[in-house]
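Asks: Next come the chains, spelled out residue by residue.
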Amino acid sequence: LDRGGKDDKSFNSSAFEGANRAKEKLGITLKFVEAADDNAYEGILRSFARRDFDLMIGVGFAQKEAVQKVAVQFPDKHFAIVDSEVQAPNVRSLMFEEHEGAYLVGAIAAMASKSRIIGFVGGMDIPLIRRFAMGYEAGARKIDPGAKVILNFVGITGEAWNNAPKAKELALSQYTGGAEVVFAAAGASNFGVFDAAEERKKLAIGVDSNQNWTKPGFILTSMLKRVDEAVYATILEAQSGKFQGGIRSFGLANQGIGYAVDKYNEKLLTPEIRARVEELKSDILAGKIVVPDFYKTR
Amino acid sequence: MSGKSVQGLLSALFGVLVGLILGLLVVWGAGENPLTVLRILARGAFGSRYDLGMTLFYSTPLIFTGLSVAVVFRAGMFNIGAEGQLTVGTIAAAMAGILLPFLPMPIAPLVAWVCASLAGAAWGAIPGWLRARRGSHEVINTIMLNFVAAGLCSYFALYPLRNLQSQNPETRGIASQFKLAPFPLFEGAPVGWALPLALLMALFVWFLLWRTVIGFEWRAVGLNEVAARAAGIDVARARVGAFAFAGALAGMVGVAEVLGNSGRFRVGFSPEYGFMGIAVALLGRNHPAGVVAAALLLGALHKGAAELDLETDRVTRDLSLVFQGLIILCVSAEGWWFQNRRRKATAGSQKSTGVVPASNSP
Amino acid sequence: MILDELGASTLRVSTPLVFAALGGLYSERAGVVNIALEGMMLVGAFAAAAGTYFAHDPWVGAAAGMASGMSLAAIYALFVISLRANQVVAGTAINILALGLTPLLCKALFEVTSSTPSIPLSDRFHSAPVVAAWILVLVSWIVVQRTPAGLWLRFAGENPDALDSAGVRVNFVRWVAVLISGGLAGLGGASLSLFLSSSFSRNMTAGRGFIALAALIFGKWRPVPAAVACLLFGCFEATQIRLQGITFPGGGSFPVQFVQILPYFLTILVLAGFVGQSRPPRALGLPFRRE
Amino acid sequence: MTGTIPLAVEMRGVIKRFGAATANAGVDLQVARGTIHGIVGENGAGKSTAMNLLFGKYRSDAGEVLLDGNVRRWRSPAEAIAAGIGMVHQHFLLGGPHTALENIILGAEPRRHGFIDTARARADLELLAQAHHLPVPWDTPVDQLPVGIQQRVEILKALYRQARVLILDEPTAVLTPSEADHLLAGLREFVKSGRTVLLVTHKLREVLSWTDQLTVFRAGRTVATLRTKETTAEAVAEKMIGRKVDLKVRWPPGTPTTECLLEVRHLTTAHPGKGLQDISISARAGEIVGIAGVEGNGQSELVRTILSPAEQDLRGGEISWLGTSALRLNSAQVRGLGVASIPEDRISKGLLTEATVQENFILGHQRRSEYSSFGVLKRLAINAAALRVLEDNDVRPADVSVPARVLSGGNQQKLIFGRELHGQPRFIVACQPTRGVDLGAAQFIHEQLVRCRDRGAGVLLVSSELEEILALSDRILVMYGGRIVAEYGRQEATEAELGLRMGGV
Ligand SMILES: Nc1ncnc2c1ncn2[C@@H]1O[C@H](COP(=O)(O)OP(=O)(O)OP(=O)(O)O)[C@@H](O)[C@H]1O
Ligand SMILES: Nc1ncnc2c1ncn2[C@@H]1O[C@H](COP(=O)(O)OP(=O)(O)OP(=O)(O)O)[C@@H](O)[C@H]1O
Ligand SMILES: [Mg+2]
Ligand SMILES: [Mg+2]
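Protein chains in written order, with the working numbering: chain A, 1 to 298; chain E, 1001 to 1362; chain Z, 2001 to 2291; chain L, 3001 to 3505.
Keep in mind the hints are simulated off the structure, nothing from the lab.
C-beta: ideal position from N, C-alpha, C; glycine also.
Any given hint could turn out to be false.
To be verified - Derived lysine to any residue pairs resembling SDA-like cross-links, with alpha carbons at most 20 Å apart: (1) A:K288 to A:R141; (2) A:K31 to E:V1213; (3) A:K201 to Z:S2122; (4) A:K148 to A:I273; (5) L:K3378 to E:L1185; (6) A:K77 to A:F32; (7) Z:K2107 to A:F32.
Stated by the list, open to error - Some but not every residue of chain A turned toward chain E, in silico, with C-beta under 8 Å: (8) T29; (9) R46; (10) D83; (11) Q87; (12) P127; (13) L128; (14) I156; (15) G158; (16) S240; (17) V290; (18) D293; (19) Y295.
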C-alpha cells in the first residue's frame, strides 16, 4: 500500500486510517511511503509491485500517470487510486464527488451566518480546490441567493499547504470582512483557519476527515470525504478476492461524502439546519438539484 | 592547473565523505543501522536499470541547474534563482508544444528547446540587469523572482492553458511530435535526449568559459571586477550576459521535463532542482565536469533516499535533505582541510623561496 | 475599521520578520552573511511548538525556539567563522539541513512528519511577541550605537583588522553575534508557531527568512529602519491578503496568483528603486584570520 | 650593542613565513629605551612584518621577542597593547563610516553603566590632542577626512592607549614635508619621558634628521644597526640595496613632437571641495609628463577621469585623446584609441591573481584579431605571444601557466608592463609604477617608459616619489587639493621646490 503526497492530517490521514483499520481487522501487512516528488511515485509503486504487495493504493491525483504505467507492467497486481481516473482492468479509481459535500456545507454555512457573508480559504488555486469552492458557493446561494462568499487562497507553491500563519491571516481578514463561517480546504494550513475562528469566536468548517474535535465549539462541521471507507472497502475486497477494476464513485449516495455531526458540534448545528440540509441532500440524490462541478466546466 | 584540479577533486570528495559520515551518524541516532541505510541508498540508486535510469533522470535537471549556478558564480555572482528560471523555461517549452502543434517533427522539439532557453534567459537577465544597473543584490532578487515565477506559471497552467481532462494543476499536453522518446535501455525510466543535451551543455559551458572571448570576459569580471573594467571589459554587459546564459541553461530543464517526461507543465513538478543546483555547482567546484559528477551524486542520493521510506521505519525521505545539507556544509569548508595540510607541508619544506625577489639579494 | 484591522494585521505579520531581521542585523553587522536565517527560523518554530506542547507554557517554548536557533547558528558559526567556509553556500546548506531535520525530529517526537499537534489557545502568545519584538528593536539600537560591544560589532563587519589591532578578538565577536542572530531568528520562528498559528508544519517559514534579509538590506543594516522595512513588507502581505478576491466594478477579478506575487514583486522594485546605494558592511562575507 | 642604556625592545632571530613566502628570514633588533629608532629598507624588505610581529598581529615561526628584557610571546594584539605597545599601521586600520572618536576609543572605551562614556572620551582626547598638536574633528566619519587627518587619528589611537613603545609604520607617507616635520618633532617630546618610538620610513631625510639609531632591513633580514649621527644617506642606501648605488639617475631628455596626444582643459569633477578643480594638462608625443603630489590630492581621480570619462561625474571641462573628444568614452573606448594604463594598485586593479599568467597577459587584448577569431580564443597564438612578452620583460618564472598570484610583486608589475605595452600603445598612463618593486625592476621599468617615449609615444607618469618624477619627467606638474598648482620644465625643478609645492605652499 502506498501513501503519497502531502501529509495533511485530513485527506491523507483519512486514507491512512482506513488502511490501518484494515491492518488491525484483517491482519494485512501495511506499508506507507511518502514520496519526495511527483516523479518518485512510479519507482515506489514499482518497488512495491515487485515485492509481495498485492494491492497498491495511490492516494492523490498526482499519482495518476504512475499508477497508469505501473499497472500495465504488473497486470496481475491490484492497484487503486484516489481522486483520479485510470482506465485499466486491474486499477480501481476511487473518485469522490467533493462538490456535493461542499454544496451541503455551503448551505450549512449560509444558514449559520447571520451576516449573509461566508468565507472560503483554499490551499492553492488548483482544480480540486476550485471544485470545493464552486460547490460551496452554489450551496450557499441555494439558501440565500444574496449571500456573499469571500474566496481566498493561501499561496502559489507547495508551501501553501503548510502555511498556517498565512491561512490564519486570511481567515482573520474574512472574519473582519463580516464572514461568520469560513470553510477551510488547505491541508495543514487549515489549522490557521481554526485558530482564527477560535480567536474571533466565529465558526469554521473542516475538510476531508472529521476535524470537529480539533477546536470544539468553533468548528461548525467538517465536510467528510471518506477516503478511509473507500480504502478499507477496497482492501477488504482485494483480500477476499473480489477486487474489480474500474471507476468507483463515492458521493452522497453511498456515504462516501457527507458532513460530520458529532458530540463536538451537536449544539452548533441546530435541528432546523440539519433538517434543511437533509432535505437538500435528498433533492440532490433525487436529481432535483444538480450541483455544479468545476471538473465539468469549460 | 591539472595538479590543482586533482587536489580540488580530492578535497571535494573528502568533504562529501565527511558529510556522508555525519549523515550516517544522524541515521544511527535515529535508531537505524547506518550500513543498512547505505546499502538501501546504493540499491535504490543503482539497483536496476530502471533505478539507474531514475537516478539519471534526476541528475539531468541538476546538470542544467548546476551549470547555471556555476556560470554565474564564475562571473562573480550568486544565482539562487535557477528554480524560477527553470520554471519559466518549462512553461515556455509547454507553451511551444501546445500553441504550435503544426510544427513538423525534427523542428518541433528544437523550437521548444529554443523557447525554453529564451524564456529562462529572459528571466535570468532580470537579476543580472538589476545588479549591473541598479546595484540591488542578486541573492535577494533571485529569491523573490522564484516566487514571482511560481505565481505566473501557475496562473498560466491553471487558466489559459489548463488541462480540462485532469484534476491535476497542469497544462494541456503538448503535441506528440514535440515529444522525445525515452531510451529503452532504462526500462521505462524517462531518460531521453535531454541527458545527452545536458552533457553537451556541460561541454559547451567549458568551451565557452575557457575557450572564448565572452567566457574569458565573464571570468575576468568574476575574478577581479576592477581589473576587468580597467582592461576595457563591459562589466555590466558581462553580468547580464552571464546571468542570461545561466537562465537559459536552467530553462533547459523544461526540455527534460516537458519533452522528455510529462509532456506538459505541472505545477510543483520540481523538487527544488534549482536549490539543489547550488549544491551541485559547489560540489563540482563550479567546473562543468565537476558539475556533471556532482549532479550524478545528488541525483543518486535523491533517488536512493526515496527507497528509504520503503525499507526502514524510522527514517524518511527528509533524510536526503539532511544528507545534502551536511555534504554541502562539509564541502564548503573543504578549503580548510587542504589549506591546513598545505601549510604544514610548506612549513616543512621551506628553505629560501619566498616573495623576496631574487634580484634583491646581493 | 478596515484600516485598523490592516494595521493590526501588519503588526502581526511583520513580527517574525522583525525578529529575524534583527537577527540578521547582528550577524551581518559583524561581517557574517546570514542566508541561514530561514533555517534558523524553521528550527525555532519547530522547537517552540514542541517545547510548548510538552511544557504547556509558551515561554518555555520560546526559550526552546531560541535555544534551537542558537544551536543551528553554532553549527553555522563553526563552519563560516572557524572553518572559513563560503557564507552563502554554508547558509544554503544550513537551510536545507533545517528543512530535512525538522520533519525527522517531528517524526521522532510525534510519529508524523508534517506537523506538531496543535497547541491550545491558552498556551499560545497573544500580543507578547509584538511587544517583545519592538522592545528588542529599541534595545538593539541602543546596544549597537551606544555600547562598547556594539562598537566592536560594527568594526567586526567594517574593518575587522582594526578591531583586532585594537585588542578585541574578531572571531569571538562574530561568534557571539551569530549566536545572537540564531537566537533571534529562533524567536522569530517561535512567534510563527506560537503566535501566528498554533503548531509547526513542514517548511512553514515559507521564505520569511529571505524577506527579513531583504528588509535588513532595505533598512541599510540599521535596527530601526530595518524594522520599519519589515513593517512595510508586512503591510504588502496584509494588503495582498485583503486584495485577494476583490472584484473590479466591471465584474472581473484579478487572478489570485498575480495578487499573491505582489509582495515579492514590490520587494524587487523597492530594492531596485531605493536601495541601489545602500552599502553593506565592508567586510561582509569575508572570513577573518590573523597570520 | 649599547650596553649602558636598557633595551625597551629586542627581537632575536625572528622568522615569519606567509605560505610559501618568507617575509622575515632572521630579524635581530635592539631598541634602546627613550630613543627614536629608525627602521629602513626597500619595499618588501620585511619591515612591516617585523613590526606586526612585535605587535602580536602575526605570530612568528621562530625566534623570540623581548620587552624590557623579558621574553614575551603574545597571542594577539590585545596582549601587546596590555603590555604597553602601540602601533600605527602603514595601511590605515580605520572603520570608514564610523567617527574619528569611535575609531580612537575602539577596544579601550571608557564606560559608564555599561554604555560608552562619550563625554569622558571626548574630554580625554581633547587634552591628548592639545598635548601633541594633533587636532581632529571628533564626530566626522573617518572616510570623509583627508588622509593627513586620518593619519592623526591613527596616531591618537596609539597614544590614547598610553603606549610606552610606539611603532609608527610609514606615518609620513601621506603627509606633506612640513606636516611630517611637525609630527616627528612631537615624537621627540614623546620619548623624553622615557618612552620609545620605532619609526619605519622610506624617507632617508627623516631618518637622518630625527632618529637616534637606525636598523636596515634587506630581503627579510636585519643587515645593520647604525648610529644616526655617524652615518650618511649614501651609506644607508648602500646597506639597503646591498651594493653601491647612484641615488640620482637621470635619463636623457626626450624630443617631443608638436602632436598633442592628451589635451585636458578646465576639467572639474563632483565631490564638492574634494574633486578635481579646473585641471588643464597637455601631453605631446615623445615626452614624459610627470604629475607629482602627496597621495590623496586627486591624482587617482584625475587618472580615473581621463581613462573613463563617461563613467565619472564630470562638472565641466574637456578631454581629448589623440585629437578625439573623449567626454563620452568609457574605458574600453579610450583603450581602443591606443591608450594603455599601469594601475597604481596592481593586485586590486591590474591582475586576476587566481588566473594564469597567460590569461593575465591576454586581459584587454582578448578581442584583438591576433588572439581571437569569431569569439574563439586562439590559444597557440596567445601562448606564443605571452611567452615572448615574459622573456622580453624578464618576468621570472617565465611560465605562462602558473597563477599570477605566485609571481613576486616586481614580476607582477613587469607582467603588467609587458601586457600594457604590448601592441605599441600611443600613450601610457603610469601610476606609481615602481611602488613596492625592487630597485632592479624599478630601473627596468623606468627604462621601458623612456623607450616608449623615444619611439614617439606619450607618457603620463603619476608618482608620489619625487626622485622618480625628477629622474624621468620632461615636464612636471604638481597637484595639490585637486588642482594643478605648479608646472616646471625638466631643468627648472628641484626636490626642495617640489616638496614645498606639494605641501600647498
Ligand atoms: N599577509 C601576507 N601574506 C603573504 N605575503 C605577505 C603578507 N604580508 C607581507 N607579505 C610579503 O612579505 C614581504 C615583506 O612584506 P612587508 O610588508 O613586511 O614589507 P615592508 O618592508 O613593510 O615593505 P613596504 O616598504 O612596502 O611597506 C613582502 O614580499 C610581502 O609581499
Ligand atoms: N567617490 C568618492 N566619494 C567621496 N570622496 C571621494 C570619492 N572619490 C574620491 N574621493 C575623495 O577625493 C579625494 C581625492 O581622491 P583620490 O582617490 O583621487 O586621491 P589621490 O590623491 O589620487 O590618491 P593617490 O595619491 O593615492 O593616487 C580623496 O580625499 C578622496 O577621499
Ligand atoms: Mg611596510
Ligand atoms: Mg589614491
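Asks: Of the hints given before, which are not true for this structure?
Replies: Those not satisfied are hints 2, 5, 8, 11, 16, 17, 18.
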